[in-house]
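**Q** Chains as they are written, first to last, in this note's numbering: chain A, 4 to 135; chain B, 5 to 94.
No false leads were mixed into what you were given.
Derived coverage of chain B by chain A (criterion: at least 3 residues anywhere in the stretch with Cβ under 8 Å from a Cβ of chain A; other residues may be distant):
#, segment
1, 28-37
2, 44-55
Dumping the calculated DSSO-like pairs for lysine-lysine here, alpha-carbon to alpha-carbon at most 27 Å:
#, chain 1, residue 1, chain 2, residue 2
3, B, K39, A, K120
4, A, K134, B, K91
5, A, K120, A, K134
6, A, K134, B, K39
7, B, K39, B, K91
Bear in mind the hints are in silico, worked out from the structure with no lab data behind them.
Virtual Cβ for every residue (Gly too), placed ideally from N, Cα, C.
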Amino acid sequence: MSTGTVGIVLVSHSAELAAGAAHLAGQVSGGTVTIIAAGGTDDGDLGTSAAKVTDGLRRADSGAGVVVLPDLGSAVLTVRAVLEDHGEAATVLIADAPFVEGAVAATVTAAAGGDVKAVAAAAEEARHVRKL
Amino acid sequence: MSASFEQEIALEGDLHARPAGALAVAAGRFAAAIKVTAGGHTADAKSVLGVMGLGATSGQRLTVSAAGPDAREAVAALIAILSEATKVGG
Numbered sequence: 004m005s006t007g008t009v010g011i012v013l014v015s016h017s018a019e020l021a022a023g024a025a026h027l028a029g030q031v032s033g034g035t036v037t038i039i040a041a042g043g044t045d046d047g048d049l050g051t052s053a054a055k056v057t058d059g060l061r062r063a064d065s066g067a068g069v070v071v072l073p074d075l076g077s078a079v080l081t082v083r084a085v086l087e088d089h090g091e092a093a094t095v096l097i098a099d100a101p102f103v104e105g106a107v108a109a110t111v112t113a114a115a116g117g118d119v120k121a122v123a124a125a126a127e128e129a130r131h132v133r134k135l
Numbered sequence: 005m006s007a008s009f010e011q012e013i014a015l016e017g018d019l020h021a022r023p024a025g026a027l028a029v030a031a032g033r034f035a036a037a038i039k040v041t042a043g044g045h046t047a048d049a050k051s052v053l054g055v056m057g058l059g060a061t062s063g064q065r066l067t068v069s070a071a072g073p074d075a076r077e078a079v080a081a082l083i084a085i086l087s088e089a090t091k092v093g094g
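Please build the complete structure, drawing on both the sequences and the hints.
**A** As structure tokens, this is what we get:
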């Protein structure tokens, strides 16, 4: 844990959804993890923004890597395009997970000191956890 | 050296999202395998969604059990969190 905790980037088609999920995940995990909301287009419409994702990845990385959660499949296209364009040294994993549950599970695992693989795995396990 | 420990606590409040999160963050820092059991259901203490899925409510008895090198410390830490965090709610 010498390089800090894994950062989280929430990529949503909605700025409000990304911000709300980031707030919730931050509250549940105790506020020690960097969670960046990258929602909406550059104009504030529904959609995703390569610029916001790029900025989010940069701000979320403290050296321990970043886990990205897309809300819907088409957000993955934006994330992949950004990663191909930049190819930075930072370790970035995209988690295939339910957005809200995945954000909460990933952030809690990051807060506990998990590495990028553990954080992404926690998010992906969310699809198997029942709420009823 | 590996060991198993468990302890029971009566919840003073419902196990909502924030106390469940505090529990799972703390649990994740231990090497031991840790389980929480309430109302006949058991969850991995390191899984915040699993802990929330227990739906544990005020007055219910909850058991924390751990197995592993730091099991004793893990149980003590989680019981302390449960006794504090569930008073706050949220």
